[in-house]
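Student: Sequence:
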Amino acid sequence: MQFGKHKERSNRERILLQFITLRWEKEVRGAPFSTARNDMEKAFRLPDMLFSYDTSYGLPYHRMLILQNKNGFEKIQDKSVILKPTVNNFKLGCVLIDNKEPESENSEYDVTFTYSPECGKPIRYDKRYQPLTERAFGLTSNEYGRVVYNGRHIYQDTGEWYYELNILNMLLTEQKDPNVLIDQEPLNVYNQIEILY
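Everything in the sequence shown is counted per the working numbering, starting at 40 for the first residue and increasing by one.
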């Protein structure tokens, strides 16, 4: 009997996910702070854990929360989060990611923007004045996609407004390079950007 052996991981593709939220308040809404936000990187180095984690126990993704204030940018949260292993579709923020072929060696994902109050104001509507649900793009092998959306929110305790820019980077790949999202530009980009008052 041998001990210390781990279950062999397959080299099949995995979806790499990075969900970034940039948050700011009224005092840094305009220039020059808005210029700094526009110049901010849209992707960051991935934690090594995303490549070594056995996905039969769940799908890890990289979660970052960055706060902008008068002194610049401050990382409030930078961690790996695990999604349930049995889930074929999952929602990160206002983005639904659906694995169309969960049992296949080479998966294909549908990426959909789904408006809900957690997305913030202004409310996004479709042509029939229903909350917007819109397919952003499909993601197949070695494709890099990005969804970007913003919203205005209210602190429940003070009633003050704050603003968020959310960026979800996705890459379906066998690569194990932590800089993979930085070293290339996305093939598919979906923007749901509104003017925030």
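Treat the hints as calculated values from the structure; they're not laboratory data. For every residue, glycine included, the Cβ atom is placed at its ideal position computed from N, Cα and C. Any given hint might turn out to be false.
What the hints assert, rightly or not - Cross-link-like lysine-lysine pairs, in silico, DSS-like; alpha carbons within 30 angstroms at most:
#, residue 1, residue 2
1, Lys65, Lys160
2, Lys118, Lys160
3, Lys65, Lys139
Said to hold, decoys possible - Between beta-carbon pairs, the in silico distance windows are:
#, residue 1, residue 2, range
4, Tyr168, Lys114, 15 to 21 angstroms
5, Asp149, Glu113, 30 to 36 angstroms
6, Ile115, Trp200, 28 to 34 angstroms
7, Asp93, Phe72, 16 to 22 angstroms
8, Asp149, Ile232, 18 to 24 angstroms
9, Val228, Thr172, 15 to 21 angstroms
10, Tyr168, Lys118, 20 to 26 angstroms
11, Arg174, Glu213, 35 to 41 angstroms
12, Phe72, Asn127, 24 to 30 angstroms
Student: Hint by hint, say whether it matches the structure.
Tutor: Hints and how they fare:
For the given pair, lysine 65 sits about 15 angstroms from lysine 160 by alpha-carbon distance, which is consistent with the 30 angstroms threshold. With a C-alpha separation of about 27 angstroms, the suggested pairing of lysine 118 with lysine 160 holds against the 30 angstroms cut-off. Among the hinted pairs, lysine 65 with lysine 139 is inconsistent with the structure: their alpha-carbon atoms are about 41 angstroms apart, more than 30 angstroms. Our hint of 15 to 21 angstroms for tyrosine 168 and lysine 114 is violated, since their Cβ atoms are close to 39 angstroms apart.
A hinted range of 30 to 36 angstroms for the beta carbons of aspartate 149 and glutamate 113 is consistent with their spacing of about 35 angstroms. About 18 angstroms separates the C-beta atoms of isoleucine 115 and tryptophan 200, a value inconsistent with the hinted range of 28 to 34 angstroms. Distance hint check: the CB atoms of aspartate 93 and phenylalanine 72 are about 42 angstroms apart, inconsistent with the given range 16 to 22 angstroms. About 22 angstroms separates the C-beta atoms of aspartate 149 and isoleucine 232, a value consistent with the hinted range of 18 to 24 angstroms.
Taking the beta carbon of each, valine 228 and threonine 172 are about 19 angstroms apart, inside 15 to 21 angstroms as hinted. Evaluation of the 20 to 26 angstroms hint for tyrosine 168 and lysine 118 yields a failure: the beta carbon distance comes to about 38 angstroms. A C-beta distance of roughly 26 angstroms is found between arginine 174 and glutamate 213, which places it outside the suggested range of 35 to 41 angstroms. Hint check: phenylalanine 72 to asparagine 127, Cβ distance near 40 angstroms, so the stated range 24 to 30 angstroms is violated.
In this structure, the hints that do not hold are numbers 3, 4, 6, 7, 10, 11 and 12, in rising order.
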